[in-house]
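What follows is each chain in one-letter form.
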Amino acid sequence: MSSTTETVDGAEVADPHREPQAINHHKDPKSHILLTLAAWLCGLLFALPVAWMILTSFHKEEDAATNPPSLFAPLSLDGYKAFFDAGPWPPLANSLTASVVSTILVLLLAFPAAYALSIRPVRKWTDVLFFFLSTKMLPIVAGILPIYLFAQKVNLLDNIWLLIILYTSMNLPIAVWMLRSFLAEVPVEMLEAAQVDGASLMTTLRKVIAPVVMPGIAAAALICFIFSWNELLLARVLTGTVAGTAPVFLTGFVTSQGLFLAKVCAASFVVSLPVLAAGFAAQDKLVQGLSMGAVK
Amino acid sequence: MPPTGSPLEPTNPTATRHTRHRRRKARVLAVAGAAALSVGLTGCAGWGGGSVGGGGANSIDVLMVNNPQMVDLQQLTAKHFTAETGIRVNFTVLPENDVRDKISQEFSSQAGQYDVATLSNFEIPIYAKAKWIAPMDDYIAQDTAFDQDDILKPMTTSLSSEGKIYGQPFYGESSFLMYRKDVLEAKGVTMPEKPTWQEVAEIAAQVDGAEPGMKGICLRGQPGWGQLFAPLTTVVNTFGGTWFEEDWTPKVNAPEFTEAVQFYVDLVRKHGENGAPQAGFTECLNNLVQGNVAMWYDATSAAGSLEADDSPTKGKFGYAPAPVVKTDSSGWLYAWSWSIQQASGKKDNAWKFISWASSKEYEELVGEELGWTRVPAGKRASTYENPQYLEVAKAFAEPTRAAIEAADPTNPGLQPRPAIGIQFVDIPEFPDLGTQVSQDVSSAIAGQTTVKEALDKGQELAEDVAERYQKRSQG
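Those protein sequence lines, which keep their order, are chains F and V.
Numbering follows my numbering, with no gaps: position 248 of the first sequence is 248.
Numbering follows my numbering, with no gaps: position 11 of the second sequence is 11.
For reference, chain V alone in the conformation it holds in the complex (with noise of 0.2 Å):
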């Protein structure tokens, strides 16, 4: 509809004068306006985080994980370690995938928001050649109490970059097989005390349907580098198989590889969960718990799940190595850490949280105040010679330490490689790699493509990758 104007112009000189005096107003009016705006922008900067701006001097910002043990430190900070030393925490807490997005956005521009944020041993080693990242070996000197040598070893070497530590665990994980004792009990099985995956395997097809909807076996099937690529890279470690050799040969549809992945999409296709191509470690959690599977390979810390107090199924469980083929051992090895911005103004009092948070006393605190299985383990040898922790942890903590004392991550399969870790290749491009492989993988395992059609289409992607990782390295 057209616009309707009409001549409004005022004619008589009285309405002259009071527009003119209206102006005036409107002026000044908008005059204060914009300096009330400005008081405003420099004054408050909003409602989180203490009284102004960023809470002063003596506080850190912290960006976090939401996993259950972020959570329960959330609980404790302010009643203990702001107690104690006066520092105040300011903590951002987000999903996984918005937290790993935050921090490469972060770290990368080097913004400084945060002083400490959590990175997993993935992003360590990439992050501290960036330069992102700030060295601890000067504070972990000083800081006596802090212990560095009860770390377990595994860990450290995950977390350092060319002899220097960049990280330090707040919980770390390796892989084991999970089972139910009755239900294999009651078919008359016995668990092989390190058992390989055609053992498993054959396991899982004798135990699936032992009750009314009891699958064999969980393993996931969720496209992901961290969700089906976690457990499925350390089948193809054991079955001898590489992403890359060390001169970066991509090796992703060679014979170890292709039978690996053919052996875990048989085996989940035949005796799997229902739903596997969209189950991830969550789905499969809620499957062992509810008794939809009778076994489950993924990682340690899922345990302290499965036994605790609320659980319908708490000591029904047994705990075996990650299943072997051709190594050793194979399972994984990840570690939630801190990590402190390069370009953070309060290192110190981020090395104070740090310590404080990764430390003994920590653990004992967990223990004490929320129980012993939210205690987060897996990272110091002294937590697995607490009797307190051992008692309720005794089903599965000595399997946990062992499986992470047995983790190589520089060399975890049959042939040299090019880059550290275990169930990733560490390098910035895999996650994009493994994603997409990933999802090929899991239509293999929907049944809307073959093994080897999702292979050959992966090997491209990582000749690709490869090209371009080296062409970068180079130059």
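Pulled out of the complex, with its shape left as it was, chain F reads as follows (with noise of 0.2 Å):
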């Protein structure tokens, strides 16, 4: 979850208001050792527990249930041994399904959606933005019942397109947001000098406004990617053997009988891996957004 944290920041930090007081630290250099010293300190609080779940991953079920904790006992495998003979194949394959796909969905129709909001608005354009907010303001969990019946009654329960769709919806209103507020910083001239140059709507979308808010849709994949590859609720509740996800085989590892934290460490560090590897992906995209804002 940290990672998620870290990008929503950094898509505020994006905001150009903020840049001047950036700017100020930098000039004095006691205060930007400081910072440094508080930001490495901050990091390495965010790692320490992933440093943990990695240790323990390598250990022996016994010493990784032991109080106090054994930092140096024997390495092993044995963890990672029992999550590959366990099958993670096909859960593993369905969360990417799922959240490429559901990642690609949602940025089709976000970003018309956006412009359409921010750049040439509809009538009463914040009225929409607020409505499309305003989906996010129901628990999912209070829609859960219904959701499953639904599902029940035209026999999508274990499909892994019912969780593409919900996941879509689940992320769209979060990326026609974030999309919007880097979409409305392309300058008109930009859009002006297209047109005149003959490009039509759909030119102007992929080859100028697209290049320019970059960062912006590569900041909304990943939030997108990292939500719906971390969902565990809707997956747990409606999928079963053939679509369940990465999440729900993670949990299938805790028991309430033996141990089990070396497993699920070992586990839960394999699953977290495409995350990571999604953000590395889109690191030097979204730190030239960081640096430049959506546009110089």
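Treat the hints as calculated values from the structure; they're not laboratory data.
Wrong hints could be hidden among the right ones.
Said to hold, decoys possible - Below, in silico cross-link-like pairs of lysine-lysine (BS3-like), each with a Cα-Cα straight-line distance of 30 Å or less:
hint, chain 1, residue 1, chain 2, residue 2
1, F, 153, V, 347
2, V, 131, F, 153
3, F, 81, V, 314
4, V, 181, F, 60
5, V, 316, F, 60
Unchecked claim - Derived contacts from chain V toward chain F, CB cut-off under 7 Å, selection only:
hint, residue
6, 45
7, 47
8, 58
9, 59
10, 61
11, 90
12, 286
For each residue, glycine too, the CB sits at the ideal point set by N, CA and C.
Build the complex: two chains, separate frames, hints provided.
Structure follows, in structure tokens:
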């Protein structure tokens, strides 16, 4: 979850109003050092549980469960062996399908929507924007029973496409809001220049606007991917043997009889790898967005 | 920031034509996309459970709790059951609380997604009354190799409703007292053959601190009807207490109930494990294996872990029957069991799977391939006659069998009961009631409240439950 929070913060930092402040700090070396220290401290604080998880995943079950913790117990790959023996590939493939497809769908839908809310706003665009946000106000758990019964009626229980549809609609409002704030900063002059050169709407969107707001698109895509990848509640209730996702599979290692910490840590580490990979892949795009703002 | 709009309408004719062309292209793309999506929707539902959809007609879906015995079963199914019968078994494995949620959601809506699920003897009579699970009597009659008579009597009783059998045990357990023989011996204490709770409390005081950091006894203090109140209800029973009398009069703050809880709380506060208010089965197992406690009153199935080959305390344990006060025996009865969903369309295959998983042959298979300590025991009389099993389990096999045989789920205390069950009252309202009361008793163990306060509150909750249950069953 920590990576999620950071990315959200990152999107906020992209707000150009904050930039002058940051520059001021750079000028004062003392506060610069202090800030760096604080940043490292926060970073370590966030990394510590993850490091602990990775260390535990390489211990034997008996060593993982001791109190006080045995830091220097001999390392072992038993946890990973148990994880890979349990057949993790179908759930991982399901998670990947649900996350990637829903993220693509979200971007395809959110990009035109954001355009219609910023560059060429529709009538009452603020109302529209808040309507989008209002769909996030109902807690998912309040809707879970109707969704379950609906899925049962239309025969979509345990079907990955149901999750794709739900994840798309779950992430769409966030993506629209994020992309709108990026699109709103595209200078009118650029669009007019494109128009003068005879570019159609699609060409303008693809060749003029998209490259400028790439950091925004990358940030939105990453957020959507992470949210879908980590989603547990819907997946646990609506899937079964066929469409079960990685988080559901992960919880399956918890048992009320016997030890399971090392196994769960190993499984958690493997399951969080794709998110880390996605974060790294999007990193240079994001950093570009942070350092430049949406537009120079 | 307000959006900065500007008129961008194409004005020259070439651009208009261009746009129209683009629009047509976009529409074609959209139609193609929708078509691809609908093909996907009907074609591939996910990557698990076989090729297409739910794995085809010759397969079943099983929802089960993640206990070590089930993980073993998962390993052996493809290699043996599927190879022999051609029936593919798709498993969903979840932790205990999650699996209970999912099963009640699945079975109450009769979604038919799963053919078989692991239910316990708590759920089976309730689900049977609701007609969510299918009776097995016809299958049992035809399948003579299954040998129903070999299943221990108390198991069959607790998995039946109105004379029909609705579940088959996978492994069963009662409760008994586990203790470190070497520690008791060093202190010159002998465990009576049939200890009373008062004797156990004395021994706990004597062995407390026998080794550095060692406490006298581990007793569950973690809130939860299935955690704290599993052992505690058996203590209440043998002290002469009960949750309800036969006519549903609640007796939670009656003298016997209070005396039992006070005894339990005092014992665990004086000579119990560290962190008792949070200790459940797993924590106590750890405490015993690591030598932090000398005794433990809990499930008989724990003995398999204590005597496992990699256990550092293997061979050091003695086993005594569940301590008593006013009753002859006080052990509980619990069995993770297989049930068939009423809405399942593959009941024949489901029975074939159950008949295999609960069979004598499966126990032998586990013994030979994975080791005899891992056999899902506690359900068949024949297990306790098997020389190979007895060889590795000699320390606890007979105490386990005796504890299960002595358990009487219909009459576990001094007074007649309104519902079946030893460590629980078999009504849907009990988990909520038990869990709420257990939270206050756990606070009493932590010293934040008194037993009297906890039970007075519990009595009010129980009165409410009795009223609701009676109203529901009459109406």
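Hint by hint, here is what the structure shows:
1. F:153 to V:347: holds, 22 Å
2. V:131 to F:153: holds, 21 Å
3. F:81 to V:314: The hint holds at about 25 Å.
4. V:181 to F:60: holds, 28 Å
5. V:316 to F:60: Holds, at roughly 23 Å.
6. 45: Since chain F brings a Cβ to about 4 Å from residue 45 of chain V, closer than 7 Å, the hint holds.
7. 47: holds, 4 Å
8. 58: With a closest approach of 15 Å, the residue 58 of chain V hint is violated.
9. 59: Status violated, d = 9 Å.
10. 61: holds, 5 Å
11. 90: holds, 4 Å
12. 286: holds, 6 Å
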